[in-house]
Amino acid sequence: MTDAIREEARKILSDGKVDFVIGYAEGDTPIQAKPVFISRVEDVDKLVWPSFGLINLANYLLRYKTRNTRIGIVAKGCDTRSIVALLKENQIDRERLFIIGVNCPGMLSRQVAREKAGEIISAENKGETWSFTTVEGKKEVSCFDLMPSNCAACRHHAPVISDVVVGDPITEPEGDGYDSVREFEKKSAPERYQYLMSEMSACIRCYACRQACPTCNCDECFVDITQPRWVDKGLDKTDLAIWQLIRTYHQAGRCVDCGACEEACPKGIKLLWLTRKMNLIVKERFGFEAGVDPEALPPLATYEKDDTQEFIL
Amino acid sequence: MIKLNELRQLYDHLSRNTPRNTPIIGLKKEGNRYYYRPLKSYDEWSSDVLLGNFSPKEVFFPQDEVLFYFKAQKLIESKEEIKPAVLWGVRPCDIAGIGELERMFNQIEYKDPYFMERFDKTLIVGMACTEPWPGCFCTSVEGSPYESKGADIFIYPIEDGYLIETPSKKGEAAIEGLDVEEVSDVSQLEADRRRAEDKIKKYNFEGIADKLKSMVDSNFWDWIHNPCIGCGTCAFVCPSCHCFDINDSSRGARGLRSRQWDSCLFEGYTLETSGHNPRPSGSQRWRQRLMHKFSYFPQVFGSYQCLGCGRCGRACPVNINIAEIAAKAVEWVEPQS
Numbered sequence: 113m114t115d116a117i118r119e120e121a122r123k124i125l126s127d128g129k130v131d132f133v134i135g136y137a138e139g140d141t142p143i144q145a146k147p148v149f150i151s152r153v154e155d156v157d158k159l160v161w162p163s164f165g166l167i168n169l170a171n172y173l174l175r176y177k178t179r180n181t182r183i184g185i186v187a188k189g190c191d192t193r194s195i196v197a198l199l200k201e202n203q204i205d206r207e208r209l210f211i212i213g214v215n216c217p218g219m220l221s222r223q224v225a226r227e228k229a230g231e232i233i234s235a236e237n238k239g240e241t242w243s244f245t246t247v248e249g250k251k252e253v254s255c256f257d258l259m260p261s262n263c264a265a266c267r268h269h270a271p272v273i274s275d276v277v278v279g280d281p282i283t284e285p286e287g288d289g290y291d292s293v294r295e296f297e298k299k300s301a302p303e304r305y306q307y308l309m310s311e312m313s314a315c316i317r318c319y320a321c322r323q324a325c326p327t328c329n330c331d332e333c334f335v336d337i338t339q340p341r342w343v344d345k346g347l348d349k350t351d352l353a354i355w356q357l358i359r360t361y362h363q364a365g366r367c368v369d370c371g372a373c374e375e376a377c378p379k380g381i382k383l384l385w386l387t388r389k390m391n392l393i394v395k396e397r398f399g400f401e402a403g404v405d406p407e408a409l410p411p412l413a414t415y416e417k418d419d420t421q422e423f424i425l
Numbered sequence: 353m354i355k356l357n358e359l360r361q362l363y364d365h366l367s368r369n370t371p372r373n374t375p376i377i378g379l380k381k382e383g384n385r386y387y388y389r390p391l392k393s394y395d396e397w398s399s400d401v402l403l404g405n406f407s408p409k410e411v412f413f414p415q416d417e418v419l420f421y422f423k424a425q426k427l428i429e430s431k432e433e434i435k436p437a438v439l440w441g442v443r444p445c446d447i448a449g450i451g452e453l454e455r456m457f458n459q460i461e462y463k464d465p466y467f468m469e470r471f472d473k474t475l476i477v478g479m480a481c482t483e484p485w486p487g488c489f490c491t492s493v494e495g496s497p498y499e500s501k502g503a504d505i506f507i508y509p510i511e512d513g514y515l516i517e518t519p520s521k522k523g524e525a526a527i528e529g530l531d532v533e534e535v536s537d538v539s540q541l542e543a544d545r546r547r548a549e550d551k552i553k554k555y556n557f558e559g560i561a562d563k564l565k566s567m568v569d570s571n572f573w574d575w576i577h578n579p580c581i582g583c584g585t586c587a588f589v590c591p592s593c594h595c596f597d598i599n600d601s602s603r604g605a606r607g608l609r610s611r612q613w614d615s616c617l618f619e620g621y622t623l624e625t626s627g628h629n630p631r632p633s634g635s636q637r638w639r640q641r642l643m644h645k646f647s648y649f650p651q652v653f654g655s656y657q658c659l660g661c662g663r664c665g666r667a668c669p670v671n672i673n674i675a676e677i678a679a680k681a682v683e684w685v686e687p688q689s
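Sequence order for the protein chains is V and D. My numbering applies: residue 113 is where the first sequence begins, and numbers increase by one. My numbering applies: residue 353 is where the second sequence begins, and numbers increase by one.
Warning: the hint list may mix true and false statements.
To be verified - When the alpha-carbon atoms are kept at most 27 Å apart in a straight line, the in silico DSSO-like pairs for lysine-lysine are as follows:
#	chain 1	residue 1	chain 2	residue 2
1	D	381	V	251
2	D	522	V	349
3	V	158	D	553
4	V	349	V	200
5	V	158	D	380
6	D	380	V	251
7	D	553	D	392
8	V	250	D	522
9	D	392	D	473
10	V	228	D	435
11	V	349	D	435
12	V	228	D	381
13	V	200	V	177
14	D	522	V	228
15	V	238	V	251
16	V	177	V	158
No wet-lab data here; the hints were simulated from the structure.
Here chain D stands alone, though its shape is the one from the complex (with noise of 0.2 Å):
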């Protein structure tokens, strides 16, 4: 590990000794919102901020994107290039989310070259939540305020500056020639990292993913949804929702195919052609997205789907709080009758 006095010299050095053009792109105002943008500056970038309103998946998984043009039988490849870019400053939950949508996209037998090309050529740096926010709960879906893993350089905020490490050899080879000593006692990381992690309230998912499983007939989601008006909310701020709609729009001969979020909790999210709805309602709606980020996604990958960033509840118009909902999934017994 290695001492900063200040955090602008690894941003200067970042920003020196990638290709020409390279974005940073950091936490920056728009409106009254913090989005992660391209940064002109460091003096542009909201440090202060511990998270964005939105998560910084838009940079390796865009909102809506071309997948191809076609012209009669003829189809266009999306032309526009992916270029290497820094993401700069963000928290370990969204660097886990980040990760859950890698493992979504990487599979053996699919992979999405889109998110790919932009995984594969960002440069991920973190940073350590020395003050999380109310509503943050990563410690409670196995996560810490101070998890490094994932990012390839990683920033300790200490009392007298920074500590720099580099979990990747990405990060390694990034910060080379960055003319700072080495610091070899790190010991008092530890105690931060507990203090950081103390001031983040603790859910019990204690066995969640059998429990969810048991329930799929349960009374649990009738009255759990709803509050919902179901709208996208929370799956548009969400770090680790990754569905997606496919649609063709078309002029004549011309068109081009693209992909758009999309969210469980909308209606149309599981209409089919013939018009059935196999989820007409919102408590199966619901059902399914607990189920997914609590239950199958941990079946198969061996992790949460939810990385407790907290944006949906904070986001969410009617103020649903889904680890609220996690923890009673986890007492609820059935009523009997």
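The following block holds chain V by itself, in its conformation from the complex (with noise of 0.2 Å):
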């Protein structure tokens, strides 16, 4: 996959078509993918499709809104979607991208890392397992009990839109991949709600989960307008817990559950029980998956006489 995508970016870059390829290096520290931004055919080999890439790098277009930059990305399934979401949105201009596709068949997690194997000093890739030496001692784990809850419940394995595609085709899995969801669901609702509040009580407010996300591009997040202030500054608990759910809120229709939030999140925060469960919601009440479609109309941006009047979440 590696090869076949510096070939691309090569070509790209030799032909004059981009200015740049947004892509991944390795990291420098175990279990670690790093953006990386090519603008010479030289530096081409720097790039690699890693193992840990959950770092959505749909990202970086939006930084590139108003300049005439164009740009070549690499994109798995879901940084597809949200490609598709921003072009919606008007946010990117698709003449500018050159969009190298690729059918990813899911990603490891640091974070599942961390928890299955411990503070990681050092990791080795065998295969179908990585070997972890951790402060705890050394722990194999397989590829499998690595990928995050996203990629296992993806069903979007294959980019949307591109203009080229490497990798194999996937044969995506049986079911709509929110079995967790209705899982969880059957927990009472003062379990789910000591749950999720000890989850979001852990918040430090460093907004990595909202750095990450290509879907909170607000010009000023609520969270940061002073004038009125909507949620205080500090850790109280409520304000952490609002915080995240107006964040969900605001995702509605927009989520491609590309897990980039809960990556980032330096305290390992499961934000995508949030985020999926009003994706599902979205799903069964308008038939509508963020970024899925490229022709479709977001449910925010529509209205059908019979839509439902209920509250939402």
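The two chains are supplied separately, each in an independent frame; assemble them into the complex guided by the hints.
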């Protein structure tokens, strides 16, 4: 896959089709990929197809909204969904993009690796498993067990839009991928409340989740607005929960479940429960999944006479 | 220096000989991360972990701190009583970080009473790193895994026990009554120090303060910040980042003024009331971050404001390594055009 990505990047750079290519490079510390901007053909070999590449590269496109730059981008299935969502919101121009779509078999998560193995000092890939040296000793974890919940639930491995596709096509698993949400819903309301509150109260307001999200692209985030102040700045538990709840609401019909927010969180908060539940609601009520159909209008941009009128979440 | 067979002896001695309810704050696992938290017992201490995911700065400088309350025209100072504490098993880089905070918060003209009271009342028990982590680079920023400066008590793990040094009077007083013999021959520590230092990746930051000074308008910043998504993770895990934001929150005539950690990589950090932002782009914000740590701080205080713990690189969602960037700045040659 790495070779194919390099090949495509080399082609578009040497043909002068793009000014630079956004892709992944090897990180400096174990099990991390590093987003990289390649503008010279001789640097193309820095590009890799990473194992731990949950950061959504579509996020970087927002920077070039108003600039006349032609950009090549390596995009997983979910990244292309983000691109579609951004195109529909007129955030980027399709003509200035060259999308190297990747049939993505799913990524591995450093958050999950930490959960399964502990604090990782070094890591080695042994094919189907990863061998970790942690503070508690050596541990081997299979790649399957390192997959984050969003990749396990993914039903859109193939790029939705692209100019060229690399990687072998992937057979989508059965089911709609929302079983974990339905399972979670079976818990009692107090149980769910307690769990979610304990997750949200760990937040430290670093806003890594927001910054890692291509859809969190408001010019001014409600949480930064001081006149009026919607949410206080401190670590009050209610404020923390409100921050995450409103962030989720603002993602209605826009979240592509790429998992970048959860992967970016320095506290390892399980943010995807909220967004995935909302995605399920949007899917059931409006038959819509963000970024899947380049033609469909997002639910917040349209209406039908027989839309359900009850409270949404 | 004294020798102990078991570290528990020192821990127990400190817990017995400090005022009642003095917390001993050490690394503890919470969820799947390590934090500096009050320990219930010696066994709760994660002794194998080199560094917490977050630094011990929150012991002195909490992320969210009330400065005072107000009610109509009346001010009521925050009444939280600051008690003595023992900070247990912190590493040389973090001790140096606490030192940098102290320089910042304890200047002749400006003293931060909130920080200083906690600082004065805390006994710092440091510990040498026999096995540094990949990502550590303290030796490149004038540190060492065996540096005891700044600690009150300092622990050197050796083959058959621990050597204990007391670099400060406060530390000396704290171990008084600990019934153990003095050790005079500590020559092996020098070899241990070299062994540990050799395991640490060395970067060349020579002349960086002046080099950066000449790079204000450099093209370097245009590409260096590219992967950065502008979150506050690096600043929040950093042992020496000390910027804070002050906020009022009120309901009717009552309210409070508090301060929270801030980060120079946040877009709103320099946003002015008029709407003007003197650092509107990521490249300018990254310039500020590197300049502050490797140029302004050395010029004003004579030392780097980066201690080489490497936490930022490990925690960064996009794996930006400040040491790599600083080393690249040293080598940077401005393109001719």
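Hinted pair residue 381 of chain D and residue 251 of chain V, Cα distance within 27 Å: holds (18 Å)
27 Å Cα cutoff - pair residue 158 of chain V, residue 380 of chain D: Not OK: residue 158 of chain V and residue 380 of chain D at ~38 Å, beyond 27 Å, violated.
Agreement of residue 200 of chain V and residue 177 of chain V with the hint, judged by alpha carbon distance not exceeding 27 Å: holds (13 Å)
Pair hint outcome, residue 392 of chain D versus residue 473 of chain D [Cα-Cα no greater than 27 Å]: holds (20 Å)
27 Å Cα cutoff - pair residue 238 of chain V, residue 251 of chain V: holds (12 Å)
27 Å limit on alpha-carbon distance, applied to hinted pair residue 250 of chain V and residue 522 of chain D: violated (40 Å)
Restraint status (C-alpha distance of residue 553 of chain D to residue 392 of chain D at most 27 Å): violated (36 Å)
27 Å Cα cutoff - pair residue 228 of chain V, residue 381 of chain D: holds (14 Å)
Given pair status - residue 158 of chain V, residue 177 of chain V, alpha carbons within 27 Å: holds (26 Å)
Restraint check for residue 349 of chain V with residue 435 of chain D, where alpha carbons must lie at most 27 Å apart: holds (25 Å)
Given hint residue 553 of chain D paired with residue 158 of chain V - CA-CA distance at most 27 Å: Distance of about 22 Å is within 27 Å: holds.
Proposed proximity, residue 200 of chain V with residue 349 of chain V (alpha carbon, max 27 Å): violated (35 Å)
In terms of the numbered hints stated before, the structure departs from hints 2, 4, 5, 7, 8, 10 and 14, listed from lowest to highest.
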